[in-house]
Amino acid sequence: MGSADQTLDPGRFEMLRELDDGDGEFIGTIVREFEADARRQVAAMAQALAADDAPAFERAAHALKGAAANLGAESLAEMCERLQTLGRAGTIDAGAGLVGEVDTELGRVLDALRQVMAGV
Amino acid sequence: MRVLVADDDTSCRLVVQAVVERLGHVCVAVDDGERAWEALQAQEIDVLITDWMMPGLDGPELCRRVRGLDTHDYTYIILVTSLSGSDDVMEGMQAGADDYLTKPLNPFDVQTRLIAAARVTSLHQQIIEFRLELERLNVEFARQARTDPLTQLANRLRLHEDLDVLRQSTRRTPRPYAIAICDLDHFKAYNDTVGHLEGDEALRRVASAIASDYRGSDRAYRYGGEEFVIVFEDETLAGAVTAADRLRGCIEALAIPHPGATTSGVMTISVGVAGWEPGDACDPDPEVILEQADVALYEAKARGRNRVVTAALAATAR
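Keeping their order, the protein sequence lines are chains F and L. Here the numbering used here is used: the first residue of the first sequence is 1, the next is one more, and so on. Here the numbering used here is used: the first residue of the second sequence is 1, the next is one more, and so on.
Bear in mind the hints are in silico, worked out from the structure with no lab data behind them. Ideal Cβ positions, reconstructed from N, Cα and C, are used throughout, including at glycine. Careful: at least some of the hints might be erroneous.
As the list claims (entries may be wrong) - Below, a sample of chain F positions facing chain L; criterion: calculated Cβ distance under 10 Å: (1) I30; (2) V31; (3) E33; (4) A36; (5) D37; (6) D52; (7) K65; (8) Q84.
Said to hold, decoys possible - Across the chosen pairs, the derived CB separations fall in these ranges: (9) Q115/F x F130/L: 56 to 64 Å; (10) Q43/L x E18/F: 27 to 35 Å; (11) Q94/L x R88/F: 20 to 28 Å; (12) D73/L x R39/F: 39 to 47 Å; (13) D23/F x E140/L: 54 to 62 Å.
As the list claims (entries may be wrong) - Away from chain L, derived, C-beta distances all over 10 Å, residues of chain F: (14) M15; (15) E18; (16) A118.
Construct all of the structure, not just a fragment, from the sequences and the given hints.
Next comes the structure, spelled out in structure tokens:
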């Protein structure tokens, strides 16, 4: 139930918006960079999974976790943390399903971001 | 301050950059450790805010490299870690970080850390300035301690240091040298009749004549009250005697009126010279040669002053 609330932490987003001059340019850039980076990391995770490359998997999960936390996408960050742990343990096949969930959650985060952005 | 931000995550980097620039600092942003290292070597960076985990050169290694830099300037390092472990933090601090922050970065935290960073870098700057000033003063004091304030010639402390160097170099590579001691004739009488201020002035004029007369490789010292020493390196005794006699003539030619002088009515000097050259049987220790020159000086005084006497005969006779 709480997961919907944690898709995008409004407090975190508000904090970032305070760094914006008011023209939305800063927030726009951050969101754009986040989207590009996140899609890259999800693709990298899928690729690592296919290649059974645990270290690469861990790196991608770690990177996405940081980027998600930065935007206040708490659920996404938590999922990535779990995947990172699997990567470190070398048991990434257990994360096969989770990667799909991450992709879905990322979609939710991006939707939420677009919504709040529209309000900027 | 100039703040370098190193983070491979663009959105995180943008946040830090925005905070840094809002506070009025200059921000240099790079996306990996190698580029951060290049920037650190190429420009003066006051604060480094670096992500722990970066492809290639990571945060702790970057810390170690910065601390290994041979530079006066201090770079304040803030290491940015993920939520995970305190072990990471400990390793980072030991690698040279001054402080750490955890992701996701809170602008307020970055702001407070930068206040501490400004204070620390400014203290370091002051320490560097104090140190440079101290080094300058040390050089100046060392020079003053070896300079005679009245004549500006080197003093007795400097003479003994130089003789020590000469002793060692003569042992290593035997080369001829000579030492002359000059003493103003009837100087006590001069002081008594014309006063100490005039006496000082006469010392200054004689010292200046000595200083302008000797060669670059020779050195002149004020040895005592009215005594001066000249060390002639790479010079035979005969050569030194010639130089000493020329100097004696110069002093006489200054024509400083000397009512107490028994000789010519002007200020004169007596000189004792001793020397050593390879093949001499006597001790090559310059302090010994100095003593011989002193004996020769007494001889010059005894023979009527305003003359140069060599200790060579006495030395070979021993």
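Hint status (Cβ of D37/F to nearest Cβ of chain L, threshold 10 Å):
Holds - the Cβ of D37/F comes within 10 Å of chain L, reaching about 6 Å at its closest.
A closest beta-carbon separation below 10 Å is what the hint needs, so does V31/F meet it against chain L?
With a minimum Cβ separation of about 8 Å from chain L (threshold 10 Å), the hint on V31/F holds.
Once the shortest beta carbon distance from K65/F to chain L is found, is it less than 10 Å?
holds (7 Å)
Is the nearest Cβ of chain L still more than 10 Å from the Cβ of A118/F?
holds (19 Å)
Report holds or violated for the interface hint on I30/F, using the least CB-CB distance to chain L and a cut-off of 10 Å.
At about 5 Å, which falls below the 10 Å cut-off, the nearest Cβ of chain L leaves the hint on I30/F intact, so it holds.
Under the criterion of a CB-CB separation shorter than 10 Å, is D52/F in contact with chain L as hinted?
violated (20 Å)
Cβ-Cβ distance between D23/F and E140/L: within 54 to 62 Å?
Because 59 Å falls inside the window, the suggested range holds.
Range hint 27 to 35 Å (beta carbons of Q43/L and E18/F) holds or violated:
holds (30 Å)
Please check whether Q94/L and R88/F have a Cβ separation lying inside 20 to 28 Å.
holds (22 Å)
Agreement of hint A36/F with chain L interface, Cβ distance less than 10 Å:
holds (8 Å)
Holds or violated: 56 to 64 Å for the Cβ distance of Q115/F and F130/L?
Between Q115/F and F130/L, where Cβ atoms are some 58 Å apart, the hint holds.
Beyond 10 Å from each Cβ of chain L, as asserted for E18/F
Contrary to the label, E18/F does not stay out of reach of chain L, its closest Cβ about 7 Å off (not over 10 Å).
Checked against the numbered hints given earlier, the structure breaks hints 6, 14 and 15 and satisfies all the rest.
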